[in-house]
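These protein sequence lines are chains V and E, in that order.
First residue of the first sequence: 1, per the working numbering; consecutive thereafter.
First residue of the second sequence: 1, per the working numbering; consecutive thereafter.
There's no promise every hint is true.
Straight-line C-alpha distance at most 25 Å; calculated BS3-like pairs for lysine-lysine [what the hints assert, rightly or not]:
1. K521/V x K282/E
2. K191/V x K296/E
3. K282/E x K425/V
4. K406/V x K207/E
5. K389/V x K309/E
6. K406/V x K282/E
7. K204/E x K425/V
8. K213/V x K204/E
Derived list of chain V stretches under chain E, where covered just means 3 residues or more per stretch with a C-beta under 8 Å from a C-beta of chain E [unchecked claim]:
9. 218-226
10. 258-264
11. 371-378
12. 416-426
13. 435-448
It should be emphasised that the hints constitute simulated quantities derived from the structure, not laboratory data.
Being a predicted model, the structure only gives us computed values, none of them experimental.
By construction, the Cβ of each residue, glycine as well, lies at the ideal position given by its N, Cα and C atoms.
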Amino acid sequence: MKIFAVLLIALFTLGCASVSRQSGTEESLTISAGSRQQLLDPLQGASAELRRAIAQEAEKRLQPAGQTGSEGTAGVQNTQTVLLQLLLSSRNQTLLPDAEFEQLHKVVSGENLPLQQSYAKALADYLTQAYFGCQHPVYAGYFQRRYAAANTAAPCADEIPLTVANRYDGAKTVWLDPKRVSAIHLLFASKSSSMASRFGHIALRLVVCPAGKTTPAVCDANLFEHVVLGFRAHIDELSLDTLKALNGEYKAYLFANHFMDVYEEYAIGEFREVYSLPLRLDDAQRDLMVRELADIHWSYSGTYSFFTRNCATMTQDALRISWPQFATGGRTKERYLRPDSLFEAVKNSALAESEKLASLDAAEREGYFFSSTRQFYERALAEVRTAMKSPSFSDIDSYLQIHPLKRRQQRSEDIAFSARLAADKHLREAQIMLEEYAVLRSERMMMIAGAKYFEEQDFLSRGDAIRAQLDAEHARVFDDCLLTPIRQQYAPIKRLSGIPDKTDIPAGPVQGGLCQSRQSKQLLQEAITAIKNAKSAQWQNLNDISRYWAESIASVNLLKQL
Amino acid sequence: MKKVVLISSLLVLITSFPAYSDSIVRVQCEEEDSGAEIYINGNFVGECPVDAPVKAGKAQLRARKIVRDDYEKVFEKQLRVVDGVAQRVEIMLSAPQLTAAASSKIKTAETTALLADAEAGDIEAMKKLAQRYDAGVGTKKDPAKAEYWRNEAEAATAQKQLRAAEAGNIEAMLDMAARYDTGAGVKKDHSQAALWRNKADAAKLEKAAQEELAKSKEKEISRQRRVDAAAPFKNVSGYFKLLSNPNKGEAFTNAVSSPLFLPVSTIADLTELPTKLTDSAKIQSEAAVRPSTWGKPDSMIARASLQQKTTDAAAGTPQIIAAVK
Chain V
1 MKIFAVLLIA LFTLGCASVS RQSGTEESLT ISAGSRQQLL DPLQGASAEL RRAIAQEAEK
61 RLQPAGQTGS EGTAGVQNTQ TVLLQLLLSS RNQTLLPDAE FEQLHKVVSG ENLPLQQSYA
121 KALADYLTQA YFGCQHPVYA GYFQRRYAAA NTAAPCADEI PLTVANRYDG AKTVWLDPKR
181 VSAIHLLFAS KSSSMASRFG HIALRLVVCP AGKTTPAVCD ANLFEHVVLG FRAHIDELSL
241 DTLKALNGEY KAYLFANHFM DVYEEYAIGE FREVYSLPLR LDDAQRDLMV RELADIHWSY
301 SGTYSFFTRN CATMTQDALR ISWPQFATGG RTKERYLRPD SLFEAVKNSA LAESEKLASL
361 DAAEREGYFF SSTRQFYERA LAEVRTAMKS PSFSDIDSYL QIHPLKRRQQ RSEDIAFSAR
421 LAADKHLREA QIMLEEYAVL RSERMMMIAG AKYFEEQDFL SRGDAIRAQL DAEHARVFDD
481 CLLTPIRQQY APIKRLSGIP DKTDIPAGPV QGGLCQSRQS KQLLQEAITA IKNAKSAQWQ
541 NLNDISRYWA ESIASVNLLK QL
Chain E
1 MKKVVLISSL LVLITSFPAY SDSIVRVQCE EEDSGAEIYI NGNFVGECPV DAPVKAGKAQ
61 LRARKIVRDD YEKVFEKQLR VVDGVAQRVE IMLSAPQLTA AASSKIKTAE TTALLADAEA
121 GDIEAMKKLA QRYDAGVGTK KDPAKAEYWR NEAEAATAQK QLRAAEAGNI EAMLDMAARY
181 DTGAGVKKDH SQAALWRNKA DAAKLEKAAQ EELAKSKEKE ISRQRRVDAA APFKNVSGYF
241 KLLSNPNKGE AFTNAVSSPL FLPVSTIADL TELPTKLTDS AKIQSEAAVR PSTWGKPDSM
301 IARASLQQKT TDAAAGTPQI IAAVK
């Protein structure tokens, strides 16, 4: 059913729009008396204005008495289809999108879908489908406000899905009960020297409580289940093309990530500070905002531009449509192009608990501020240096530039240091921390090196030639477990229309089981061995960095055994 | 006629007093042993061959022949002499051996030498000397001197073990602990005993750590060989310049976006190394919380880490955080 709806909307966007303009004109659409009545039945709870407008439109298209229905006309037609055609062909202002819907549409669906067709489709669905409010809470709220029309709402499922990206195995669906969200924070990562982050980055953090009975303190400390929703560009190539980013040539989506991944990315990966500002929302507002953000997460597909359509503008747009106080607040109603400006404006408004950030020490204890970890690594490095007889590194940079095998050798040869590592837990933790940092850094480099190798070897376009080198079994695994995931990364992310339910989303990744098996991994390794280009500098780089990564992991494990 | 009667009477008289009469023992020998001195009950009775009158009862026969200076051949036998019954004994001399005088002279010389060694500090010589004074070998029996050299030997042994213990020998440390407990070779001192016992325990731990390190080192060498065998080792320092400065990693910054995102699992599948994704994911989750937990134990990150561990422990699941579940 949902798939049909998706297809329908896709057809509208890809060319059916012009067909519908021809066939859906006032002149060409005729409605039988029975269908007319069916159109009006769902409108019992709607405003008189809406009922009148639809009745008038239906009247204009009413089939002359005695004429039997030919289906450019509607006999006893599908109510939803008839209503959609009627709305598409209407010129009645009451049935056309207004400025508010236009704004909502930009935020929820992006600029790519034609406004009037989206409106007609949404209104037709709203009036005829019970689950529309669960799929599209933003539009449902709007229609209710505009037409005072409650659709025949079915109760929504307790849990809503989010696709949460994870760098280990791609993306997974996380099911979240909005009632478990105890707070929503505006999350701000301080600026970095990279052009893309020169004004920082802004997103929304859902404070998710553990399932079951709990307390606010436990919810706050449940960081591993907190979710960050942030607008980002989807860069479907190896590196960021500044010109394309400036011209808005990258797609933008509302991505979901685990908070701890975001924290690791900023506070550890980029040594940035992270501020988390609680928004003053009551329970109903928070529940609705979670559902509406989920709607945007599943529906939105826009374009990203550094200075005009970025995380700051899109985040405030999302807050504006979901939170009336934000839209009308003294400071927040202004438009901010920079994340840092937006964050300051919200912090200085009455909409946020800015007192939580008055003392950063207290904020760090309470989970409203997460300091850059640079200071901790530098302290750990200084302690390790002091304990070693003759350290061959002076700072984190020079530490990372020593191969992990060499680092391990130096530790083993320093007998006194080894003995201290075994006896002094604090020192050992400092040493493990440095090796873990090497793992994290090399992991990032490994991903870059892997992407470069893929790009250089152009596996995607050489797929047929590669498959010809392999037997059927190896080719299948190579295709399913390597090429397909990569192809999915290159391709624009598939958007659904609204929040899906459990029937729309498989219980688990279909490929996961296949590609995780030991036999498949073995086959994949064999396939890669057969086709690899060992002379490639990128291949050498990838394997060098992989060895560095693997040896750093071995070092961490050895240190933990002391 | 009277003379005949007298002689006959004397013979009868002699033969009629058996308790006091002798029997004849004829001692015979090989020609080469001819001339050996024959002693009956320690009394020289002649040279072999010889017929010796021996009183009835038990008798000790000893034959000796000097073959060269300080060496002799000997034969000894216990005889049972029956009154009025002559017996013949064939002697078989031993191989040449030191004479008793010569043996005594040598033992005395050995004892003199042991004394010199003992006075020079030789612990084994001290112990042997004590035994000789006890038994009177090579010297007169002298229990006082025996005791003196026994004590000297114990004290010297204790000093030797002390030096070994101070040099790190674990067995010597334990021996010293026992000595201080019992006062063997040292003044009894229980605190010193405890001290050496603790030192021995610490040394055992240190030794175990060293052995572990040695094993690790062997593993490292082995691993490095494998790595070297797989591909020539390359200096990655240049490659890591970008890595070491996160803010220069424009290509990878995720501030606003995700560049081509290949999951670690995909990359790991691609490389020549066996994948260690389980380790890697676990390390990533622990690495994310360790800096703040270490540097700021009262931070929310530290609290969250603790809470997560408690949750995982309660659920009986491995402590891998939700981010990688």
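Evaluated hints:
At most 25 Å may separate the alpha-carbon atoms for a hinted pair to count; K521/V and K282/E meet this at roughly 20 Å. In summary, the hint linking K191/V to K296/E is supported, as the alpha carbons are separated by about 23 Å, within the 25 Å threshold. Taking the CA atoms of K282/E and K425/V, the gap is about 20 Å. The hint holds against a cut of 25 Å. The hinted pair formed by K406/V and K207/E meets the criterion: a straight-line CA distance of about 24 Å does not exceed 25 Å.
Using a Cα cut-off of 25 Å, the hinted pair K389/V and K309/E is violated, with the two alpha carbons roughly 36 Å apart. A threshold of 25 Å between alpha carbons decides the hint, and for K406/V with K282/E the separation of about 24 Å falls inside it, so the pair holds. Taking the CA atoms of K204/E and K425/V, the gap is near 20 Å; set against the 25 Å cutoff, the hint holds. The straight-line distance between the Cα atoms of K213/V and K204/E is roughly 51 Å, outside the 25 Å bound, and the hint therefore fails.
Proximity of the segment 218-226 of chain V to chain E, defined as three or more residues with a beta carbon under 8 Å from a beta carbon of that chain, is established by the 7 residues found. Proximity of the segment 258-264 of chain V to chain E, defined as three or more residues with a beta carbon under 8 Å from a beta carbon of that chain, is established by the 5 residues found. Given a C-beta distance limit of less than 8 Å, the hint that chain E covers the segment 371-378 of chain V holds, as 5 residues qualify and 3 suffice. With a threshold of 8 Å between beta carbons, the proposed coverage of the segment 416-426 of chain V by chain E holds, since 4 of its residues qualify and at least three are required.
Coverage of the segment 435-448 of chain V by chain E holds [criterion: at least 3 residues with CB-CB distance below 8 Å; count 12].
The structure fails to meet hints 5 and 8 from the earlier list, while all remaining hints are met.
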